[in-house]
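Engineer: Listed below are the residues making up each chain.
There are 4 protein chains.
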Amino acid sequence: MQNGVVGFVGLGRMGTVMAANLAAAGRRVVAYVRHPERLAELKTLGVTSTGSIADLFDCEFLVSMLPNDDAVREVFFGANPGAADGLAAGMSPGAIHVSMSTISTSAALQFAAAHARRGQGYVAAPVFGNPHAARNRELYIIAAGAAADIERCRPLFDALGQQTFLVGEEPSAANLIKLAGNVMTATALEVLGEVIALVRKCGLNPETFINILTSTMFGGRVHRIYGGTIASQAFAASGFVLPLALKDVTLALAEAQRAVVPMPSVSVAHDRLLTGIARGYAELDWTALGLIAAEDAGLQSNIGAVGDAAALSKASS
Amino acid sequence: MQNGVVGFVGLGRMGTVMAANLAAAGRRVVAYVRHPERLAELKTLGVTSTGSIADLFDCEFLVSMLPNDDAVREVFFGANPGAADGLAAGMSPGAIHVSMSTISTSAALQFAAAHARRGQGYVAAPVFGNPHAARNRELYIIAAGAAADIERCRPLFDALGQQTFLVGEEPSAANLIKLAGNVMTATALEVLGEVIALVRKCGLNPETFINILTSTMFGGRVHRIYGGTIASQAFAASGFVLPLALKDVTLALAEAQRAVVPMPSVSVAHDRLLTGIARGYAELDWTALGLIAAEDAGLQSNIGAVGDAAALSKASS
Amino acid sequence: MQNGVVGFVGLGRMGTVMAANLAAAGRRVVAYVRHPERLAELKTLGVTSTGSIADLFDCEFLVSMLPNDDAVREVFFGANPGAADGLAAGMSPGAIHVSMSTISTSAALQFAAAHARRGQGYVAAPVFGNPHAARNRELYIIAAGAAADIERCRPLFDALGQQTFLVGEEPSAANLIKLAGNVMTATALEVLGEVIALVRKCGLNPETFINILTSTMFGGRVHRIYGGTIASQAFAASGFVLPLALKDVTLALAEAQRAVVPMPSVSVAHDRLLTGIARGYAELDWTALGLIAAEDAGLQSNIGAVGDAAALSKASS
Amino acid sequence: MQNGVVGFVGLGRMGTVMAANLAAAGRRVVAYVRHPERLAELKTLGVTSTGSIADLFDCEFLVSMLPNDDAVREVFFGANPGAADGLAAGMSPGAIHVSMSTISTSAALQFAAAHARRGQGYVAAPVFGNPHAARNRELYIIAAGAAADIERCRPLFDALGQQTFLVGEEPSAANLIKLAGNVMTATALEVLGEVIALVRKCGLNPETFINILTSTMFGGRVHRIYGGTIASQAFAASGFVLPLALKDVTLALAEAQRAVVPMPSVSVAHDRLLTGIARGYAELDWTALGLIAAEDAGLQSNIGAVGDAAALSKASS
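Residue numbers (my numbering), protein chains in the order written: chain A, 1 to 317; chain B, 1 to 317; chain C, 1 to 317; chain D, 1 to 317.
Any given hint might turn out to be false.
No copy labels: a pair is met if it fits in one copy or bridges any two.
Simulated crosslink set (DMTMM-like; lysine to aspartate or glutamate; CA at most 20 Å straight-line) [unchecked claim]:
{"id": "1", "residue 1": "K201", "residue 2": "E170"}
{"id": "2", "residue 1": "K247", "residue 2": "D158"}
{"id": "3", "residue 1": "K201", "residue 2": "E169"}
{"id": "4", "residue 1": "K247", "residue 2": "E138"}
Quick caveat, the hints were computed from the structure, so don't treat them as lab data.
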């Protein structure tokens, strides 16, 4: 095992800037990519990349930043359960899988147990923050796992984010908190959408309203930044798009069902995300919950602009 | 008309500390109270009080801090519409009614028109903040009305709150923003209740969760203070009790219906407030939305304590 | 007092055919209408009409079929409360107000008390059924009031409907049951809309689904007739239009609030009715709840046709 | 392959009476049971039973009546996907799997394809009706599959139910209709619960209300039978218990998510089912949605009795 070397799996928009930051912090980073055309781009970021998963076997840390349970399962444990043909089979005992994806707690429990059977560590470390925050090392990292493992990962976390919160020895705890946080944001966006639709339809200035709100009781990024977006109805055809938000809200509702916790407000946000996708806004950022609310209030003046944005995005993708 | 003198109507928990602050700022304040036993208490606060509404006729400013539309209507315009037997009939032309109550926009429109017919001013100035904030002059004041009237009122506002937001010449605008703000808080409490129930039922520490939330994306008073209350399940048998919250949410939904704006998340919060009252928690602060969510998740460990608090409150009221 | 003569107030689409049926049953019917151009039309139906409310003073029965509380209040008790300048002041002691409008229970309580003070009877008798059913004497009548009064009204009911249900001596009971019944229908339509959207979007035949449903567990008019309308998406620009449905659902929710009964499913239907109106479908029958559900599922193929219907209706109204 | 012989898997409360009815209709029925103590009981019903799945290999029809996707998958296709160690591997080409369980459409699609690869037929035939209806051959059968296969199954259907509805050649269509039907019932129960709580809390007789409802617009079993149960609040600690209802509603919401169809009313019913389970009513029939609504309205008089029933059930299970 090569001490300190970081294998990286999941070089999407978030993963790429995170891998680059690890490299910038002096780490040797070996990234597994499926598309050879990405090698040059990653090289400019200081990241070694490879199309062969075996090149990651010797790393001390294996960071994953993948879209969902199945993607993590496939890369680490193989497509066929029990077949043991994934990355975990090649990793050294003593190596640590640093799982930064937003996944379910049940998957986290399975993965932790599977690594433990091989004498490998498993640390859950999902993050709050978008690619812009990731680039600026402003992520918030929610970490859970064995204390000694977390201690070994801490230099990585320091290279990636502005603050790390330790939430326990059980990795799945971090995943639950990540999902709960995303649910807080999704419902806040839904409520902002409804209330701003009311304010607008009553002829008041929504920016004034958001200013009052955030100057008084609702400070914080969600209401300031997202509230401003919804007030100006300047929805972006990018970012954390509706299907990603739906994925996380659906995961959270599944956790809630397992725990037998009814969440009616979250159900409302879930149904509105579905509505947004059904109406053709799948490429818009989740602030578009504020577009659905506006449309349902008969406030249709911005649909044209949004339609253009969506069309633009479709044309260029 | 006695320049600078303030007549005050509505000496409840909020009104009393506000009247005292106006007196402390050097104003002569004449308060109308129905119960003679309050005269001594108000005197110690520097407030002259009277049981005769006519003693307020000469004031330049008439501040009202009353529970609802009907209470304002009765005191200012008489119980019988058109009968003109209320305070407004006695007020001087040129005097200003500073209406700080949380009332509907349609009432505000009526009141403004009725005062205008008499050559009187009408400024809407509802506030955000509880009695504790009121005592410390930390209220936020949302003011709307004719610019000249607002200018005359500004010294009063400065004596009452930490910041005044001007939101237009049409008084009802301030009332709508106040209602929209309370709806934001009610829905935030409902969501906090649901998410904290999930966090608790999954065995995690809700205080840790609130700490993460408010350190990252959800700063601001609502999530910090109220989130902490719900996390600790330490619901107070006082404060902004469920029926008051229900009143405001109901007013907001009525505004939404007039404006034809569906607000499904607000409907959820509304139904939960009703549930809380039906379950016997009418004397608990609106953070008790977090108690309803906990009960619905089968988290019943704190019911006993709350029951005691409610019983205590009942016994002492 | 002229025994057996019926005064009729509220000659809308329902009231007109009901008055005609009373005349056809051999009653002398004197209808109060504001528009003289209606006299000829009513004459052909066997109904005497008048523009002077005083011509109804001598009637034994005063039937009202008006759109809401305020309309009943204005005609019977005058626009100014306490002014006693409405129809009730002229009615004979011993006459009965047969109130067939869909109104609130609190209004019913007020009206019953006001008539009682004058020695007049008050029977609440709201109906289930549309103008078509009214024409065919197929209404269902929900009657409540003093037993003797009801007995006197029974021949009228027999001339108007197919069945009369007695629900107590307290008139407001009939109004509550009428509202509860309309809430049952509104929520059934909302659910049908959602489920049929699912069935359609999965590529199945919605008519087959409705056939199965009504052949097995969901017989009855609501699911058969309305389900068929939603399955075929043939929404009519007439009938019980969305604003009327909204009025009744709003009344029911107000009753529920008074009784402290949360009704989350009814809140969903309420919000969807608002959405429908905000989207411009105010002239469509309440089966159009199934259009809202279809649109929210991205099933937009029928919007064109509906838009045409609405446009048509707008053009002709 | 032994023509006409029926293998039966899933001898629960429904399956047992269905197998008995097939035997009573003259079929030879071989049932696979895991618990030898059931052999005697099944023998008295005319059903041959076996603990060896291989004894079913020669049957022409393989009927499954199992609780969920996984149970069907395990018995027919083995616990390990691809391992081909289930019943299907032993079945004859030309034999038909008659899948009467309530399962997802995606599972149905998989199963149909897997059988087709082996030259076997797959007919989906979920049913509406409880064990009582099953015993009396009053089930409604929703059948989908290849026309020739369905024709071969028809004598079985005639022995099991009162009516068979053919809904297409694609088996999954039957599963979707079954789920949609159960969603209709769950939401109807939720609405009945809410409305009956209102009626009761306003002091009216809920049985009168149900009588009016079912005599006028809401005939059909759901409103008559279940409405009566909720009106009398006589919830049974048996039947289609809350977790089973939750399973089906959850399946339906998953179908809706796949089809991108928001179903807010169904979300309400889903959240109420979760609430009921969290409150400890998991052993009550799904009419207990009416208990949740009653409790949320502060109508607690019947809780004691229900608690007893639940306790009783717990004690005896």
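Engineer: Would you mind marking each hint as holding or not holding in the structure?
Structural biologist: Hint-by-hint comparison with the structure:
1. K201 to E170: Intra 48 Å, inter 15 Å, cutoff 20 Å: inter-copy only.
2. K247 to D158: Intra 28 Å, inter 44 Å, cutoff 20 Å: neither.
3. K201 to E169: between (49 Å within a copy, 17 Å between copies)
4. K247 to E138: neither (24 Å within a copy, 41 Å between copies)
Violated hints for the displayed structure, listed by number in ascending order: 2, 4.
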